[in-house]
Structure formats: C-alpha cells, structure tokens
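Here the protein sequences come in this chain order: Z and Y. The opening residue of the first sequence carries number 1 in my numbering; numbering runs sequentially from there. The opening residue of the second sequence carries number 1 in my numbering; numbering runs sequentially from there.
In short, the hints are calculated from the structure, not lab data. Be a bit skeptical, because a hint or two may be false.
[As the list claims (entries may be wrong)] Only some residues are given here: those of chain Z computed to face chain Y with a beta carbon under 8 Å:
#, residue
1, Pro14
2, Val65
3, Arg298
4, Pro302
5, Trp310
6, Gly311
7, Thr359
8, Ala416
9, Asn554
10, Pro567
11, Cys578
12, Phe587
13, Asn588
[As the list claims (entries may be wrong)] Using 30 Å as the maximum straight-line C-alpha spacing, the simulated DSS-like pairs for lysine-lysine come out as follows:
#, chain 1, residue 1, chain 2, residue 2
14, Z, Lys385, Y, Lys72
15, Z, Lys312, Z, Lys475
16, Z, Lys475, Y, Lys114
17, Y, Lys34, Y, Lys22
18, Y, Lys114, Z, Lys258
19, Z, Lys453, Y, Lys161
20, Z, Lys312, Y, Lys72
21, Y, Lys72, Z, Lys453
22, Z, Lys312, Y, Lys32
23, Y, Lys34, Z, Lys312
Remember, it's a predicted structure, so these values are computed and weren't measured experimentally. Glycine residues also receive a C-beta, built at the ideal position from the N, C-alpha and C atoms.
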Amino acid sequence: MKYYRSHVLVCVDPECLNRGAHEIEDALQDELVAQGLIDEVQVLETSRIGACSDGPELMVYPEGVHYVGLSVDDIPYLVEEHFLKGRVVQKFLYTRPKFVDEELSAPTPKEVRVVLRNCGKIDPQNIEDYIAEDGYQALAKVLTEMTPEQVIDEIKRSGLRGRGGAGFPTGRKWELTRAAKGEPKYIICNADEGDPGAFMNRRVLEGDPHSVIEGMIIAAYAIGASQGYIYCRAEYPLAVSTLNIAIQQARNFGLLGKNILGTDFSFDLEVRQGAGAFVCGEETALIASIEGRRGEPRPRPPFPAQSGLWGKPTNINNVETYANVPQIILKGAEWFASMGTEKSKGTKTFALAGDLNHTGLIEVPFGITLREIVYDVGGGIRDGKAFKAIQTGGPMGGCLPASYLDLPVDYESLTAAGSIMGSGGMIVMDEDTCMVDIARFFMEFTQDESCGKCTPCRIGTRRILEILTRICEGKGQDGDIETLEYLCEQIRTNSLCGLGQGAPNPVASTLKHFRDEYEAHIYEKRCPAKVCRALIRYEILPEACTGCTVCARNCPVGAISGERRQPHVIDPDVCIRCGICMQVCNFNAVVIE
Amino acid sequence: MSLATIAKTRIPANDPLADPEKKQIIDEILEKNKDLPGALMVILNELQSRIGYISNPMQQYVADALHIPVSKVHGVVTFYSFFTTTPRGKHTIKFCMGTACYVGGTPQLIEKAKSLLGIEPGQTTPDGNITLELCRCVGACSQAPVVVVDDQIVGRVRPNKFPQILRPLQPQA
Numbered sequence: 001m002k003y004y005r006s007h008v009l010v011c012v013d014p015e016c017l018n019r020g021a022h023e024i025e026d027a028l029q030d031e032l033v034a035q036g037l038i039d040e041v042q043v044l045e046t047s048r049i050g051a052c053s054d055g056p057e058l059m060v061y062p063e064g065v066h067y068v069g070l071s072v073d074d075i076p077y078l079v080e081e082h083f084l085k086g087r088v089v090q091k092f093l094y095t096r097p098k099f100v101d102e103e104l105s106a107p108t109p110k111e112v113r114v115v116l117r118n119c120g121k122i123d124p125q126n127i128e129d130y131i132a133e134d135g136y137q138a139l140a141k142v143l144t145e146m147t148p149e150q151v152i153d154e155i156k157r158s159g160l161r162g163r164g165g166a167g168f169p170t171g172r173k174w175e176l177t178r179a180a181k182g183e184p185k186y187i188i189c190n191a192d193e194g195d196p197g198a199f200m201n202r203r204v205l206e207g208d209p210h211s212v213i214e215g216m217i218i219a220a221y222a223i224g225a226s227q228g229y230i231y232c233r234a235e236y237p238l239a240v241s242t243l244n245i246a247i248q249q250a251r252n253f254g255l256l257g258k259n260i261l262g263t264d265f266s267f268d269l270e271v272r273q274g275a276g277a278f279v280c281g282e283e284t285a286l287i288a289s290i291e292g293r294r295g296e297p298r299p300r301p302p303f304p305a306q307s308g309l310w311g312k313p314t315n316i317n318n319v320e321t322y323a324n325v326p327q328i329i330l331k332g333a334e335w336f337a338s339m340g341t342e343k344s345k346g347t348k349t350f351a352l353a354g355d356l357n358h359t360g361l362i363e364v365p366f367g368i369t370l371r372e373i374v375y376d377v378g379g380g381i382r383d384g385k386a387f388k389a390i391q392t393g394g395p396m397g398g399c400l401p402a403s404y405l406d407l408p409v410d411y412e413s414l415t416a417a418g419s420i421m422g423s424g425g426m427i428v429m430d431e432d433t434c435m436v437d438i439a440r441f442f443m444e445f446t447q448d449e450s451c452g453k454c455t456p457c458r459i460g461t462r463r464i465l466e467i468l469t470r471i472c473e474g475k476g477q478d479g480d481i482e483t484l485e486y487l488c489e490q491i492r493t494n495s496l497c498g499l500g501q502g503a504p505n506p507v508a509s510t511l512k513h514f515r516d517e518y519e520a521h522i523y524e525k526r527c528p529a530k531v532c533r534a535l536i537r538y539e540i541l542p543e544a545c546t547g548c549t550v551c552a553r554n555c556p557v558g559a560i561s562g563e564r565r566q567p568h569v570i571d572p573d574v575c576i577r578c579g580i581c582m583q584v585c586n587f588n589a590v591v592i593e
Numbered sequence: 001m002s003l004a005t006i007a008k009t010r011i012p013a014n015d016p017l018a019d020p021e022k023k024q025i026i027d028e029i030l031e032k033n034k035d036l037p038g039a040l041m042v043i044l045n046e047l048q049s050r051i052g053y054i055s056n057p058m059q060q061y062v063a064d065a066l067h068i069p070v071s072k073v074h075g076v077v078t079f080y081s082f083f084t085t086t087p088r089g090k091h092t093i094k095f096c097m098g099t100a101c102y103v104g105g106t107p108q109l110i111e112k113a114k115s116l117l118g119i120e121p122g123q124t125t126p127d128g129n130i131t132l133e134l135c136r137c138v139g140a141c142s143q144a145p146v147v148v149v150d151d152q153i154v155g156r157v158r159p160n161k162f163p164q165i166l167r168p169l170q171p172q173a
C-alpha cells in the first residue's frame, strides 16, 4: 500500500456532479502532476460530504479542511497554496451555517455514530480505506478465535435487534437458522429500503459498503451458509454499483470466495436488483423475487429460518443490522449493550425529513425522546411554525401528536403509542399539514403497492382510500369515521403480511390523535390546515399585490387576471387550487381562505 | 393483449427482436444469465435497462429461452413497476412521490408539467420525446421536492423553474 501525506476527497453526489465535480477532480489531478505533488497527495471520490448546495466540494485529510464553491480556474491557486505552501485558502473554506441542511453532517451532541461512523469519511470504492478503519478485523477475529456458537452468543448478549422494523433479536434468528435442517443455507441482506422518506440504508451502502459485507460474512460463518444475496431496490443504482465494486475488491483480497483468510470457511455474495415493488421489502416476497417470481408474500410459518430461499434455511437481516455486527465483535457485547434502553440496545439511524430546520441522516442511541430528536438534533420547526405531528415507521407507521413528544424512542414504546419503529423514516409535520390528507397519501401508497394476493389488503385498502378521498373532497358523511375504524381493524387482523397488517396504521393513528380534523372535514366541510383543495379558496390581497404578473403567467389554467402594476384577481370558478400562484408570489399576496 | 395473442403474434417490424443489433444484445443477455438461479428477474432487469422496454414478442422469446410458460414471464413483467411493455420517450421525467416531496410540492410540479407538455404522468409526448412518470421515494428527501430527469436527480424544484428543466430536453427548434 502506497502512503500519501494528504488525501483529497471529492464529493461525487448527483448534486455536486451537476456542478462539475468531475471537472474539478480532473483539474486537481492535472495540477498535482504539474506541481510535482502527485506522489504526495491522493485524490479520491466519495459520496456526500455535507454541503452539496455550495458544491462542488472537497475535503482534505488529515487536516479535515472542507472547501466548497470551487471552479476549475481556482484549482491551480488552491493546489499551490494548500499543498505546496501549506496555507489554508480562507476564501473557499466551508463555514458551517447555523443549521446545516444536508443529508449527513457532523454529529450533534446527542448523536452516537456506530453504523454511520465511516460514511463520508472513507472512500467507499477502496477497500483499503475500510481496512484502515479496523475493517475486516472482526472477521479475522471470528474466523481464527471464535466458534460459530460463540459468535451467536456474542450477538445474543449484545441485545442487537433487527433494524428493518420488526425488532426480532438477531442472535436468536441466527441460532434458529443454524439449528434448522437443510443444506445449503443462505444469507440475505434486505436492502429494499422502500419507505418513502427513509434513506439510511442507501447512505450506508453507498458510503460504507464493506461494513455490510463484513457483517454478512460473519453471519454466514455463524449460521453455516456458503452463499449470500444482497437484494437492493432498483431506485438505488449507485448503491448497486458501489456494492458490486466492493464485492469484487473483497474477492480480490481473499475475504470472499473459497477459503476466506486461509481458513476452511468459504462464502460468496451476489447483488440482486429489485424492480420497483414496495412489497418486496417483506421477507417472503423478497425471497420470491430473488427466485425470479412475482414478489408476493406467503403465510408464515414456516419462517425463512426453516424454509426460505429455494426452500432452504435462510437468514434475512437488514442493512443496518449487518453493519452493526463487526463493531459488536470488535468492541464486545457489553459495549453495545451499554447504549440504549433495557430492551432496545445500541443506536438507530433515522432519516429526518419534513418541516425541520435541520433535516438529514442522524444516528441516536435508543431511549432518546422524540422531543430531543425534533428540537436538539433537528433544530426545531422551520419558519418558527408550530409542531403538529411526527410520522415514524413509513407507510406502515403512524402519526404522533405533540403530547407524545416525551416518548422514548424504542421498539416497545412506539408500538404502544400506536406507531412503529419501522426502518427509520421520521417525518416531522408543522401546523400547515392536513392529517386527513396525509392519511390519504399513505393509503394511496399502500393501495398502489398492495400485491393483490389477499383480500383484506387488496380490497380493504381501496375502500379506505375511497372514503378518505371523499372526505378530502368535502363529501364526507356521517358514519364514515366508524366505517374507517371497522375497516382498519379488519385489515390489521386479517391480512397476510406486514404490509397489509400495517396498512391501516396511518389512518388508525390519525383517527386516534387527530379525530377533530376528520370531524371538521365531514361535518363542517372545513380543512383546518387549509390543504384539501375542495375545501379552500385562493385569494389575492389587493393591498399586498404589486401587479407583477408572475402569478398570472404561472397559472396553468389562466384563472388569474389583472393589469400590470394593478392588483390581480383569481376567478374561483376557473381556479383548480393547485397553489402554484402562492408558491411563486414574491410578496406573500396570495392567501388561502 | 391476451396471453394467447402474445404467443401467436408475429414479430412486428418495429419490435426490438426485428432489429439485428438489438436482437444480439437480447441474445447476449439471455446467454449470460439463463443458467443463474432465479434468472428471470436478472434477465428482465437487464432487458429493461438496455432495450428500454420488454415487448410482448420479447416476453415470448425469454419464455422459450428459459423453458417456462409465457404466462410466468408476463406475470412477473406486469408485477414490477420498473418493467414496461411499451417504449418510453427519449427522456423520462420522474416525479418523486415520497412523503417529503409530496408535502414539499410535487403535486404543484405535476400540474405545471401537465400544463406545459399537455400529457399526464404515465404518458409520452406525441413526438416521443418526453415521458412523465411518478416514482417512489428516491431517497433524496433533504432536497425535496425532487424530480429525476433521465438518471439525474434535480432537487428543490419550484414550478416556475420547471421550464428550465425542460429546455435542454427539447429538440432544438
């Protein structure tokens, strides 16, 4: 391995690429050659560093200097100043804004980074970077010092639970698969992260793929599997290509394939791509999809541990679960169990989104309260508005109101409150969100993604969606709420898989916590949050309107009229209430009545 | 089209199988993958990404190569939303329907696109240039609302910025 005095990480996230990250990288290479520094300074590509909106950006290690807003013409100066003369170039230095609005920024004081520790820090396309951060040491320890039983015991003692959402104890699952009769055994990594608003797994796969691969090899050793699959959704092409590169590099290093690290243990991995079906995140549907069939779930038992891929014992864990494994082996079960609550150990990644000052990826120990996440980590609600609800667990999860802000985040507490942990999407909504509309949105999602195999899910979700749509259109009837409650209960108890059983959750939780909004829609034909189109009217305030004509030009149906420099008016009969005028108005002259 | 008709249909002149260059690609994909366990998904994914769609004659062709009924191929093609049976436009604009984007203004963007292009999501412009699609969360929630233009993610799109997205895609007049 060659040594460099300095490493430059160039961000190649889509946004930075758009702003010319590749050109910057080429210019850097050329300039380093020109100034005779190419043997001392290495240029690498990485995914997001944290300030793509000011990109292209790069990070120089070991100093940790973060430069943004570069153009190709700046490179000769930058190379001369920084790398030749050793002076930091102040004018391109990234200064952290008060709230950093990016996917992954430096951890706030309440965060603990275990799974995300390497993301944005190492070159995901270079296995040596991972090895330099103690990568594959856990694998070496497992293969040379531990029996499979000891590995399983260590994971059991750590208290690690499935991070895909259900929270089944990981060590117990491994033990069951190991004990199951049948050969060969398979390992699957569920990377079909389909919940809208969740992108934790994508970042781990794109930023630190080897942590997942190492976790899978250790699991394979513990269970006695020789073949593994990573099932990744088609919406994540970068994750798929990063994984393929990582797997090839691991093979080249003798970490995958025959006789891993010179031992008797052999194991290999393959990436299989989904094709845009949400239900394939359900384990039996996922297995069907890998087998080349329609991704339809089947009843359990038998569980995959007994009869999974091609009818053989199969262990399925999620990306984040596997990524935790090497750290547990290296630092010990006690270290891991020291974080979190009594029943939920360790940390959890969440994708914070919605009306927050600071959205993005976070990793926090279990037991943290929702309030700490919203206000301390997320920086509070944007534009000084009021908190209304937090949605956890994706489309199978629920919405919790402000009175639940002091709830500790762990599997049991969230379930008891009527939501779920899920895979880790967290969407915070402010006072301008209509909860009936949100319930309808999630129902539309599950309705569309229902595979159609079992009746309660296929037909029940459609009936719920019809009623919710009617309510949002101002045609709600007396008795709708009761019908919804009945349908929710029937679908929850009678559906075949987790998708169907969880589908009513957004409706049930909003009915429980925001019933008054449903009542306002049905009985008063009023949308309190002023969202539902049929129940609102857009108007222009004559005193605020400057007659700039921006709204009239952007109106898709030509409902706005008025002379230049004169107040405009909206014709309510023509208006389709799309809200474009309100978004484009620079003078806040458009209001909803 | 019913399955019986798929089986009987003669290969139309505009089908990828009638184009020697494309047929060679299809044969390569089949040859490379047909012995893999669970080959069908792998093959269909490659066909979709390299040919652009999976026509009815192509489904029959795949079924023959794998020695499985065409009903099975058709069932899988129609189950997954990434597989399409008709050609797409030269460019695709996908609107992210993830929660953060939906709340952040995707519905307004769709309205704007509809008024500019005169087509609904799922349709292609008459000149075969642009297809509008809705897609599931692409995981770029911190940039909501997001549209995916071909394979590029464009974030924080406002309705009045939409014409700027279309301009490079339109044929030069």
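For each hint, the structure was consulted:
| no. | hint | verdict |
| --- | --- | --- |
| 1 | Pro14 | 4 Å, holds |
| 2 | Val65 | 24 Å, violated |
| 3 | Arg298 | 15 Å, violated |
| 4 | Pro302 | 20 Å, violated |
| 5 | Trp310 | 7 Å, holds |
| 6 | Gly311 | 12 Å, violated |
| 7 | Thr359 | 5 Å, holds |
| 8 | Ala416 | 23 Å, violated |
| 9 | Asn554 | 5 Å, holds |
| 10 | Pro567 | 20 Å, violated |
| 11 | Cys578 | 4 Å, holds |
| 12 | Phe587 | 14 Å, violated |
| 13 | Asn588 | 15 Å, violated |
| 14 | Z:Lys385 <-> Y:Lys72 | 53 Å, violated |
| 15 | Z:Lys312 <-> Z:Lys475 | 52 Å, violated |
| 16 | Z:Lys475 <-> Y:Lys114 | 26 Å, holds |
| 17 | Y:Lys34 <-> Y:Lys22 | 18 Å, holds |
| 18 | Y:Lys114 <-> Z:Lys258 | 55 Å, violated |
| 19 | Z:Lys453 <-> Y:Lys161 | 42 Å, violated |
| 20 | Z:Lys312 <-> Y:Lys72 | 23 Å, holds |
| 21 | Y:Lys72 <-> Z:Lys453 | 16 Å, holds |
| 22 | Z:Lys312 <-> Y:Lys32 | 26 Å, holds |
| 23 | Y:Lys34 <-> Z:Lys312 | 22 Å, holds |
Violated hints, in rising order: 2, 3, 4, 6, 8, 10, 12, 13, 14, 15, 18 and 19; the structure is consistent with all others.
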